[in-house]
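**Q** My request is simple: use the sequences and hints to build the entire structure.
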Amino acid sequence: MKKQSFFFGSAVLILSAVIAKLMGAVFRIPLANLLGGTGMGYFSGAYGIFMTVYAVSVTGLPAAVAKLTAENSALERYANLRRVKSTALLFFTAAGLVFTLLTLLLSHPFCVSLNNSPETLPAALAIAPSVLFGCMTSVYRGYYEGLRNMFPTAVSQIIEGLFKLLLGLALCVYVLKNPEKVPPFFGNGENALLSAAAAAAVLGITLSTAAGTLFLVLRDKLFGDGITPEQLARTNGKCLTDSRRSIVSALLKTAVPIAAGALVTNLTSLIDLVTIMRSLERAAAVSPDYFAEKAPQISARELPNFLFGSFTGLAVTVFNLVPSFTNMFGKGILPSLAEGFAEKDSGKIRLCTEKALFATALIAFPSGVGICVLSGEILRVLFPAKPLETGLCTLSLSILGIGVIFLCISATVFAALQAAGRAELPVKFMLLGVAVKLVGNLLLVGIPEINIAGAAFSTTLCYGVICVPALGALIKITNVDKSRIKSIFLKMGYCSLMCGGGALLAKNMLADRFNPVLSLGISVLFGVIFYIISTFLLGIITKSTLKMLIS
24 MKKQSFFFGS AVLILSAVIA KLMGAVFRIP LANLLGGTGM GYFSGAYGIF
74 MTVYAVSVTG LPAAVAKLTA ENSALERYAN LRRVKSTALL FFTAAGLVFT
124 LLTLLLSHPF CVSLNNSPET LPAALAIAPS VLFGCMTSVY RGYYEGLRNM
174 FPTAVSQIIE GLFKLLLGLA LCVYVLKNPE KVPPFFGNGE NALLSAAAAA
224 AVLGITLSTA AGTLFLVLRD KLFGDGITPE QLARTNGKCL TDSRRSIVSA
274 LLKTAVPIAA GALVTNLTSL IDLVTIMRSL ERAAAVSPDY FAEKAPQISA
324 RELPNFLFGS FTGLAVTVFN LVPSFTNMFG KGILPSLAEG FAEKDSGKIR
374 LCTEKALFAT ALIAFPSGVG ICVLSGEILR VLFPAKPLET GLCTLSLSIL
424 GIGVIFLCIS ATVFAALQAA GRAELPVKFM LLGVAVKLVG NLLLVGIPEI
474 NIAGAAFSTT LCYGVICVPA LGALIKITNV DKSRIKSIFL KMGYCSLMCG
524 GGALLAKNML ADRFNPVLSL GISVLFGVIF YIISTFLLGI ITKSTLKMLI
574 S
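Mapped onto the working numbering, the consecutive letters of the sequence shown carry residue numbers 24 to 574.
Be a bit skeptical, because a hint or two may be false.
As the list claims (entries may be wrong) - Within a straight-line C-alpha distance of at most 27 angstroms, the following computed BS3-like cross-link-like pairs (lysine-lysine) qualify:
{"#": "1", "residue 1": "LYS244", "residue 2": "LYS200"}
{"#": "2", "residue 1": "LYS509", "residue 2": "LYS451"}
{"#": "3", "residue 1": "LYS509", "residue 2": "LYS499"}
{"#": "4", "residue 1": "LYS367", "residue 2": "LYS514"}
{"#": "5", "residue 1": "LYS530", "residue 2": "LYS451"}
{"#": "6", "residue 1": "LYS244", "residue 2": "LYS371"}
{"#": "7", "residue 1": "LYS499", "residue 2": "LYS367"}
{"#": "8", "residue 1": "LYS451", "residue 2": "LYS276"}
{"#": "9", "residue 1": "LYS499", "residue 2": "LYS514"}
{"#": "10", "residue 1": "LYS371", "residue 2": "LYS505"}
Unchecked claim - Simulated restraints on C-beta separations:
{"#": "11", "residue 1": "ASP368", "residue 2": "PRO252", "range": "43 to 49 angstroms"}
{"#": "12", "residue 1": "LYS204", "residue 2": "GLY444", "range": "34 to 40 angstroms"}
{"#": "13", "residue 1": "ILE552", "residue 2": "GLY414", "range": "28 to 34 angstroms"}
{"#": "14", "residue 1": "GLU447", "residue 2": "ILE42", "range": "32 to 38 angstroms"}
{"#": "15", "residue 1": "PHE559", "residue 2": "ALA117", "range": "52 to 58 angstroms"}
{"#": "16", "residue 1": "GLY414", "residue 2": "PRO132", "range": "32 to 38 angstroms"}
{"#": "17", "residue 1": "SER322", "residue 2": "THR116", "range": "43 to 49 angstroms"}
{"#": "18", "residue 1": "ILE470", "residue 2": "PRO132", "range": "26 to 32 angstroms"}
Hints were generated in silico from the structure; no laboratory data involved.
A virtual CB, placed ideally from N, CA and C, is assigned to each residue, including glycine.
**A** This is how it looks when you write it as C-alpha cells:
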C-alpha cells in the first residue's frame, strides 16, 4: 500500500474536482438557463432542506473515518483498519436510512408552512434518498483518504458528476418538452411545470449519488481494501482489533463536532432560505415602484422567489466553484497531519500546515479578486439566456468574490483543526459567523436599494469573522511561524490586487469590442499574467516553495 504525498494526493483530488465541477457547471448553468429565477428558486429551496440534513448526517464522516484510518495506519494496526471500515459502514448506513426518512417527513411542513413554497416540495422529496447514498459513499472515501489513496474518491466524484450532468439535464428537458405528461400532483400552470422540471433535475442528482456509491462498493469487492497480507503479517502484535462500540465512539468523537460545524455552516443557506424572501416581501411592499423598475416582467408575488432563485442559482453557484477545488487541500492534509499528531512529530505538523495554507492561498486570493472585478462578465458568459437575472446578481457576485478568499482559507483551517483533534473549535467560530449572517440579512436585505446584495455582504462578513480567529487558533495549536504566514498572505494579497488590476484594465480596454466570451478570456489571461509576474518578483514562487509543495 503505497501512500501518496500531500501534493500528489491533493493534485489527484483537485483534478477530479476540476472535472467534476466542470460537469457540475455544465449541469447548473444550462439548468439555470432552462428554469430561470423562479424554477431555480424551487431547486435551491429543496437543496437548502437537503443540505441541512446532509450536514448533520454525512459531512463529518469522511474526515472522521480518514482520521481514524490514518492513525491506525501510522501505528501499523492494519487488522483494526478493516474493522473500522466495516463498523462505520454498518452504523452509518443505518443512520443514513434514518436521516432519509427524516428528510421525507420534514419536507412538507418546511416547504408548505415555513417557507410558503409548496412548489418546492416535489424536489425536496426527490432528493431525500441522496442522504443514504451520501453516508455510504463518505465511509468508503474517508477510508481510502486515510490510507492516502485519493483515487477512489476522485473516480467516484467524476462518476457522480457525469451521471448528474446526463440524467439531471435529460430529465429536466424531458419534463419541459412534455408538459402534458406532468402529473396532477404538481398542480397547473407554468409554475407547476417549473416545479416538476426542478424535481426532475433533483432526481438526476439522487441517481448520480447512487452511481457513485455503486462504484465504490464494486471497487472494494473486486480490488480489495488496500491492505496486503504482508502488512498484516508484520504488525508485530498490533493487529488486535478494537470493539465495535469503541470504534463508533471514536468516529462520533470526530464526526459529531464536524457535523455540528457543518450544520452551523449550512445554517447560512437555511438563513437565506428563511429570511431573504420574507425580507424581500417587506422591501417590495415599502418600495413597489423601485422593484417594478428593476424587474417589470416579474409579478409582485413571484418577485421574492425570483430574486432568491437568481441569487442562489447564479451568484452562489459561481461563489462555490473555487472553494470546491481548494477544499481538496484540506482533504489532502488531513491524513498526513493526523499521522503527525499520532506520532507527535512537531516538524511534520508544521510542514503539513504550511503546505496546505500556502497552496490554498495561492489559488484563493487571485480567484476571489478576479471574481470581484469580473462578476458581470462571468455571469453574462455563463448565463447568456438570463439577462434579467444576471443584471440583478452582478453586484452580489462582486461582493461574494471577497468572501471566496475567506471561505477557502477557513475550509483548509477547519480540516487541519479536525486532524489535530480540535474539531470543536470550528463550531464555535462558525456560530459567531452565523450570528453575523443572520443579523446582516435581517438588517440589509429588507432595504430596497440593497435588497439581495445584502445577503452577499452578510455572507462575506460571516466568513471573514470565521476565518480570522480560526486561523489564529490553528497557528497556536500547530506552532507554525505566525510572521511567516502573515508575510505569505500579505504578499498573496498584493499579487492578487495586481491580478485584479490587470483583469480590470483588459476589461475596460475591450469593453463592447469583442464577444463576451473572448473579452472574458482575454481579461482572465491578463490577470493571470500579472499575478504570475508579481509572485516571482515578490519571491512567492521559488525553488524552495515548489519543493515544499511537491515533497
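**Q** Give a verdict on every hint.
**A** Tested hints:
1. LYS244 <-> LYS200: Given that 27 angstroms is the threshold and the Cα spacing comes to 41 angstroms, the pair is violated.
2. LYS509 <-> LYS451: 23 angstroms, holds
3. LYS509 <-> LYS499: It holds: about 13 angstroms lies between the C-alpha atoms, which stays within 27 angstroms.
4. LYS367 <-> LYS514: 32 angstroms, violated
5. LYS530 <-> LYS451: 41 angstroms, violated
6. LYS244 <-> LYS371: Violated: LYS244 and LYS371 sit about 34 angstroms apart, past 27 angstroms.
7. LYS499 <-> LYS367: At roughly 16 angstroms apart (the allowed maximum being 27 angstroms), LYS367 and LYS499 satisfy the hint.
8. LYS451 <-> LYS276: 16 angstroms, holds
9. LYS499 <-> LYS514: Status holds; Cα separation ~22 angstroms.
10. LYS371 <-> LYS505: 17 angstroms, holds
11. ASP368 <-> PRO252: 43 to 49 angstroms: 29 angstroms, violated
12. LYS204 <-> GLY444: 34 to 40 angstroms: 54 angstroms, violated
13. ILE552 <-> GLY414: 28 to 34 angstroms: The hint (28 to 34 angstroms, Cβ to Cβ) holds, given that ILE552 and GLY414 are roughly 30 angstroms apart.
14. GLU447 <-> ILE42: 32 to 38 angstroms: Given about 34 angstroms between the Cβ atoms, the range holds.
15. PHE559 <-> ALA117: 52 to 58 angstroms: At 54 angstroms between Cβs, range holds.
16. GLY414 <-> PRO132: 32 to 38 angstroms: 35 angstroms, holds
17. SER322 <-> THR116: 43 to 49 angstroms: 46 angstroms, holds
18. ILE470 <-> PRO132: 26 to 32 angstroms: The hinted range 26 to 32 angstroms holds for ILE470 and PRO132, with Cβ atoms some 30 angstroms apart.
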